Amino acid sequence: MGAGYNLEKRKYVIGGVAVVIVLIYIVRLFTLQVMSDDYKRNADSNALLKRVLYPARGVITDRHGHLLVYNQPSYDIMVVMSEQQGVDTLDLCECLGITRDYYERRMAEIKDRRRNPGYSSYTQQLFMNQLSAEEFSVFQEKMFRFPGFYVQRRSIRQYQSPCAALLLGDIGEVSPADVEEDDYYQNGDFIGKQGVERAYEKQLRGEKGTQILLRDARGRIKGRYMDGQLDTRPVPGRNLTLGLDVELQLLGERLMEGKMGSIVAIEPATGEVLCMVSSPAYDPRIMVGRQRGKNHQRLALDPLIPLLNRAIMGQYPPGSTFKTTQALTFLQEGIITPETAYPCHHGFLFRGLKVGCHGHASPAKLVPAIGTSCNAYFCWGLYYMFSDRRKYADVQEAMTRWKDYMVSMGFGYKLGIDLPGEKRGLIPNAPFYDKAYRGSWNGLTVISISIGQGEVTATPLQIANLAATIANRGYFITPHVVKQIQGEALDSLYTHRRYTMAEPRHYETVVQGMRRAVLAGTCRRADIPGIEVCGKTGTAQNRGHDHSVFMGFAPMDKPKIAIAVYVENGGWGAEFGVPLGALMMEQYLNGKLSPESEKKAEMYQKRHIAYGAAER
Amino acid sequence: MERLNGENSRGVWRSLDGWTILIYMALLAFGWISICGASYDFDLEGNIFSFEARSGMQIVWIASSLVLGFVLLMLNDKAYETFAYLIYALLLVLLFITPFLARDIKGSHSWIKIGPFSIQAAEFAKCATALALARFMSVYGYNIHRWKDFLLTLAIIFVPIVLIILQKETGSALVYLAFFLVLYREGMPGSVLFAGVSAVVYFVVGVRFGQVMLGHIPTSIGEFLVLLLVILFTVGMLRVYCGRVAAVRNILLYGVGTVLLALCFSGFVIPFDIRWVLLGVCVCVVLYLCYLALREHILRYLYVALFSLGSVVFFYSADYVLNVVMEPHQRVRINVLLGLKDDPSGAGYNVNQAKIAIGSGGLRGKGFLNGTQTKLKYVPEQDTDFIFCTVGEEEGFWGAAGVLVLFLALILRLIHLAERQPYAFGRIYGYCVMSIFLFHVFINVGMVLGLTPVIGIPLPFFSYGGSSLWGFTILLFVFLRIDAGRNLVRRE
Numbered sequence: 001m002g003a004g005y006n007l008e009k010r011k012y013v014i015g016g017v018a019v020v021i022v023l024i025y026i027v028r029l030f031t032l033q034v035m036s037d038d039y040k041r042n043a044d045s046n047a048l049l050k051r052v053l054y055p056a057r058g059v060i061t062d063r064h065g066h067l068l069v070y071n072q073p074s075y076d077i078m079v080v081m082s083e084q085q086g087v088d089t090l091d092l093c094e095c096l097g098i099t100r101d102y103y104e105r106r107m108a109e110i111k112d113r114r115r116n117p118g119y120s121s122y123t124q125q126l127f128m129n130q131l132s133a134e135e136f137s138v139f140q141e142k143m144f145r146f147p148g149f150y151v152q153r154r155s156i157r158q159y160q161s162p163c164a165a166l167l168l169g170d171i172g173e174v175s176p177a178d179v180e181e182d183d184y185y186q187n188g189d190f191i192g193k194q195g196v197e198r199a200y201e202k203q204l205r206g207e208k209g210t211q212i213l214l215r216d217a218r219g220r221i222k223g224r225y226m227d228g229q230l231d232t233r234p235v236p237g238r239n240l241t242l243g244l245d246v247e248l249q250l251l252g253e254r255l256m257e258g259k260m261g262s263i264v265a266i267e268p269a270t271g272e273v274l275c276m277v278s279s280p281a282y283d284p285r286i287m288v289g290r291q292r293g294k295n296h297q298r299l300a301l302d303p304l305i306p307l308l309n310r311a312i313m314g315q316y317p318p319g320s321t322f323k324t325t326q327a328l329t330f331l332q333e334g335i336i337t338p339e340t341a342y343p344c345h346h347g348f349l350f351r352g353l354k355v356g357c358h359g360h361a362s363p364a365k366l367v368p369a370i371g372t373s374c375n376a377y378f379c380w381g382l383y384y385m386f387s388d389r390r391k392y393a394d395v396q397e398a399m400t401r402w403k404d405y406m407v408s409m410g411f412g413y414k415l416g417i418d419l420p421g422e423k424r425g426l427i428p429n430a431p432f433y434d435k436a437y438r439g440s441w442n443g444l445t446v447i448s449i450s451i452g453q454g455e456v457t458a459t460p461l462q463i464a465n466l467a468a469t470i471a472n473r474g475y476f477i478t479p480h481v482v483k484q485i486q487g488e489a490l491d492s493l494y495t496h497r498r499y500t501m502a503e504p505r506h507y508e509t510v511v512q513g514m515r516r517a518v519l520a521g522t523c524r525r526a527d528i529p530g531i532e533v534c535g536k537t538g539t540a541q542n543r544g545h546d547h548s549v550f551m552g553f554a555p556m557d558k559p560k561i562a563i564a565v566y567v568e569n570g571g572w573g574a575e576f577g578v579p580l581g582a583l584m585m586e587q588y589l590n591g592k593l594s595p596e597s598e599k600k601a602e603m604y605q606k607r608h609i610a611y612g613a614a615e616r
Numbered sequence: 001m002e003r004l005n006g007e008n009s010r011g012v013w014r015s016l017d018g019w020t021i022l023i024y025m026a027l028l029a030f031g032w033i034s035i036c037g038a039s040y041d042f043d044l045e046g047n048i049f050s051f052e053a054r055s056g057m058q059i060v061w062i063a064s065s066l067v068l069g070f071v072l073l074m075l076n077d078k079a080y081e082t083f084a085y086l087i088y089a090l091l092l093v094l095l096f097i098t099p100f101l102a103r104d105i106k107g108s109h110s111w112i113k114i115g116p117f118s119i120q121a122a123e124f125a126k127c128a129t130a131l132a133l134a135r136f137m138s139v140y141g142y143n144i145h146r147w148k149d150f151l152l153t154l155a156i157i158f159v160p161i162v163l164i165i166l167q168k169e170t171g172s173a174l175v176y177l178a179f180f181l182v183l184y185r186e187g188m189p190g191s192v193l194f195a196g197v198s199a200v201v202y203f204v205v206g207v208r209f210g211q212v213m214l215g216h217i218p219t220s221i222g223e224f225l226v227l228l229l230v231i232l233f234t235v236g237m238l239r240v241y242c243g244r245v246a247a248v249r250n251i252l253l254y255g256v257g258t259v260l261l262a263l264c265f266s267g268f269v270i271p272f273d274i275r276w277v278l279l280g281v282c283v284c285v286v287l288y289l290c291y292l293a294l295r296e297h298i299l300r301y302l303y304v305a306l307f308s309l310g311s312v313v314f315f316y317s318a319d320y321v322l323n324v325v326m327e328p329h330q331r332v333r334i335n336v337l338l339g340l341k342d343d344p345s346g347a348g349y350n351v352n353q354a355k356i357a358i359g360s361g362g363l364r365g366k367g368f369l370n371g372t373q374t375k376l377k378y379v380p381e382q383d384t385d386f387i388f389c390t391v392g393e394e395e396g397f398w399g400a401a402g403v404l405v406l407f408l409a410l411i412l413r414l415i416h417l418a419e420r421q422p423y424a425f426g427r428i429y430g431y432c433v434m435s436i437f438l439f440h441v442f443i444n445v446g447m448v449l450g451l452t453p454v455i456g457i458p459l460p461f462f463s464y465g466g467s468s469l470w471g472f473t474i475l476l477f478v479f480l481r482i483d484a485g486r487n488l489v490r491r492e
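Taken in sequence, the protein lines are chains A and B.
Read in order, the letters of the first sequence correspond to residues 1 to 616 in our numbering.
Read in order, the letters of the second sequence correspond to residues 1 to 492 in our numbering.
Please keep in mind that the hints were generated in silico from the structure rather than gathered at the bench.
A portion of the hints provided could be inaccurate.
[What the hints assert, rightly or not] Using 27 angstroms as the maximum straight-line C-alpha spacing, the simulated DSS-like pairs for lysine-lysine come out as follows:
id, chain 1, residue 1, chain 2, residue 2
1, A, Lys50, B, Lys377
2, B, Lys377, B, Lys168
3, A, Lys558, A, Lys592
4, A, Lys592, A, Lys560
5, A, Lys193, A, Lys208
6, B, Lys148, A, Lys11
7, A, Lys40, B, Lys377
8, A, Lys403, A, Lys391
9, B, Lys148, A, Lys9
10, B, Lys377, A, Lys222
11, A, Lys11, B, Lys78
12, A, Lys193, A, Lys414
13, A, Lys111, B, Lys377
Treat the numbers as computed from the prediction; the structure is a model and nothing was measured.
Kindly produce the complete structure, drawing on both the sequences and the hints.
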């Protein structure tokens, strides 16, 4: 039995083996389950699918509540590869209006895991996006014949009126840079690309919701994770009301047909932009859906640069409209009084320098000088200001003072309109000329800035803002296109008055001058029966034909509209600027055009300017 | 007679081992909970009691197992010993005809269809083999050291193995190797078991590091390590079985010394393939042992020499076996297991997903029916072979470790019960039962944890399926009945 006793001890060996195995396994379990988080993360990315619920983008209306931009259903065609065997490809291509080649290329792209990393043959893959309702209805009738093809409803932007494309802007797929900058976005999302759509992207887009779904090993959705406790609902975007008057905008684009340039109108009391025409214009509806890429490409390559919003990006010499700023500066600085008169014999002639002028009574006081747009008057004014050594130690100091006035009136810097891409124009300062003339310059050297020529440039928006400032007798509210955001206050920038350095009484004098221009001066064609219009022409010289410029507001007391018209190479201010400005003001103030005005409008609509190589 | 019977059955209840029953019940309950998670059907909206769901069907299997267990306890314990050979023979016949009756299910021919149910004879053959083994080895005069007896014992084990391999169920066949643990308990020399374990170690190390070079020495690490192990194992055996300290010292000093010298020379002076040095040392050791055997007339030296020679031969033929004898899918499984291929979507997919499922459970688990990985079918075979994933994911570390401890308790309890049997038949059968449970838990859990090869065998009481549950229940309850009768039946 000795051997038996020995053998019984082997139970400890066998039991020991069992204990060791279980211990090893428990240690292994501990390292897998407690020591490392990798497996948990792996498991979540395995099984949990975050589905984004897209909110409805905010709707945009004009100042009278007319719909401008809204959402329209569009249809994406989805395909589940494992179910689509045996589909009649030819029939399908015909229904969708695509070629066999396109079909095969798309199928190959979907299956290519490098380009489509989330590919699974059991889940829906995007085959074609943004079909219109008409395109879709053709397909829908025959859909039962195409197993494995599904439809997903989405929404795209649609525009009610064929106008204000640049102001409204459009949306497009996010770029990689957008995704990197803001982790709200994922590839394939849409983002505002231009105009209001871009400037108010955050308000318009709303907030995405998420749904966390359970996904099985084949990628099929099996239900909601934790019964949807962690899901969030999408918050719809905010609606915007613009200051825009859609009728005015439509008229403006009509009048600018065949011409390059811009019309900007502002409500002086609020700074709201009533219209913003940039010509050549295009129909915003071509920038929707699948053809956006193609059309955008075409516009980008157009030599007339329709994608440039000339109202805020075009920098032109302001021409004679700028004289009003000079009058205000000289009055405020005490260089002149309303009674001061300067001689003009077909121009400013001094020490061999000549700035030409047209024939009018001489010498002229300030009001008639503005009315007749006398060049000589403002050249003298600037000369006396820059030579005044009792007030200013040197010409640099005078120049700096002058510049401060211009800046206070909204020139030289971006006004801060709520649109992307605004340009600042140019108001030269003393160091600018010191550098250009190596320190040796005086009032005469820079005399042309007094008549809005030379180095000075401004955007049409800045000119319109100048009109609004004069209409307000000394202040402006930063121009803005959005009048109201649903459930949110406007930025205080767009509600605060910005006062200029000139006093209201001096503005009154300038208003008189601008009224004189309409009654008996350069702007006689701006007269609208029954409305006291104030105006100022401009004929901005440049290398080609002069630009035709008009700046005005109406009525004189309690002004409702301030306007700037810029017609590139349009010649005299009176030729295009004045009549177009008058028609616009009539439309806005009366709500419609009189029959005679309507005829005039049609005439101007048909008057195209031939832009050749020499004109630019 | 009637009185005796009544006393007998009352005695059964009184001396039935309550602990084992308790552990059995606990494992069944845990198993059913896991099946609920693993076979969760979203179309049934989580109605786990529906008979359309596997969790519902498993209730039927569990209930029928309990009835079966009850019936087995009611039978006379002498019957098992008496009919052991008959049962074994019947099962062998059944195993033999199975491939002809069975339809092909995933390449396997092991399922016989009876009405709406499929039955896997291999599951029941374990019990039959265990009974036959116990009967044969408990016969008076049996001596495991006698060649005739030992070979017949091997035959009892290997006949079902061969028949099951013919059904293409290699995994189930490997389970019978667990009986070697019983043979060890019954007196088979430990060296045989040691040789077997050594073979596995050579194979794993050799294949795992077969392609890795030893620095700039043109010898693979695998080959170097295996040959070094052969020498060290030889030294170990010499020390344990022969007790010759001088011989041990000689081999260590000259043999290992030579290897180290060669290693240094090859590493720092002229790189050359030191496998030849190692092989030379092995040959010298074998010759030295033969010399000792002849000089001192002790056969044991010869056995040790045979072990060393066999080790070397085995190692070099293993490569051949791996590349020529094994089927491609088995080869891939071995490569994946040994970490030679890391391909999450390929052959390693099961194991990788199993690890993700278990790992995501954390300390406390995700809760009953809250496991995402298993519920969403990321782990293949998750309600059968990979059921342990569900335990790990839903019950976490505490649950999974708890289940392992329960299994360990069952195994240790079975050892205890087996050892208290007054007769060899009961003891041997008890060890058979214990060995089979140990092997299943070792391989199945090890496979899910990525520690053992992916061999498709069920986890007792957890994996879905009637055959395996019935098979394990029969295995266990027959032993419980034998154990319950340990003091009563022979009293007459």
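Consistency of the hints with the structure:
Using a Cα cut-off of 27 angstroms, the hinted pair lysine 50 (chain A) and lysine 377 (chain B) holds, with the two alpha carbons roughly 19 angstroms apart. Note on lysine 377 (chain B) and lysine 168 (chain B): the hinted pairing holds, with a Cα-Cα distance of about 26 angstroms set against a maximum of 27 angstroms. For the given pair, lysine 558 (chain A) sits about 20 angstroms from lysine 592 (chain A) by alpha-carbon distance, which is consistent with the 27 angstroms threshold. With a C-alpha separation of about 15 angstroms, the suggested pairing of lysine 592 (chain A) with lysine 560 (chain A) holds against the 27 angstroms cut-off.
For the suggested pair lysine 193 (chain A) and lysine 208 (chain A), the alpha carbons sit about 19 angstroms apart, so the restraint of at most 27 angstroms is met. Between lysine 148 (chain B) and lysine 11 (chain A) the CA atoms are separated by roughly 26 angstroms; this keeps the pair inside 27 angstroms, and the hint holds. Pair hint lysine 40 (chain A) plus lysine 377 (chain B) holds up; C-alpha atoms about 16 angstroms apart against a cutoff of 27 angstroms. Distance hint between lysine 403 (chain A) and lysine 391 (chain A) is fulfilled; the C-alpha atoms sit about 15 angstroms from each other, no more than 27 angstroms.
A C-alpha spacing of about 26 angstroms is found between lysine 148 (chain B) and lysine 9 (chain A), which places the hinted pair at or below 27 angstroms, so the restraint holds. Proposed proximity of lysine 377 (chain B) and lysine 222 (chain A) is supported: the alpha carbons are some 11 angstroms apart, at most 27 angstroms. Note on lysine 11 (chain A) and lysine 78 (chain B): the hinted pairing holds, with a Cα-Cα distance of about 25 angstroms set against a maximum of 27 angstroms. Simply put, lysine 193 (chain A) and lysine 414 (chain A) have alpha-carbon atoms about 20 angstroms apart, close enough for the 27 angstroms limit, and the pair holds.
Under the criterion of a C-alpha separation no larger than 27 angstroms, the hint pairing lysine 111 (chain A) with lysine 377 (chain B) is consistent with the structure, at around 24 angstroms.
Going through the hint list in order, the structure satisfies each hint without exception.
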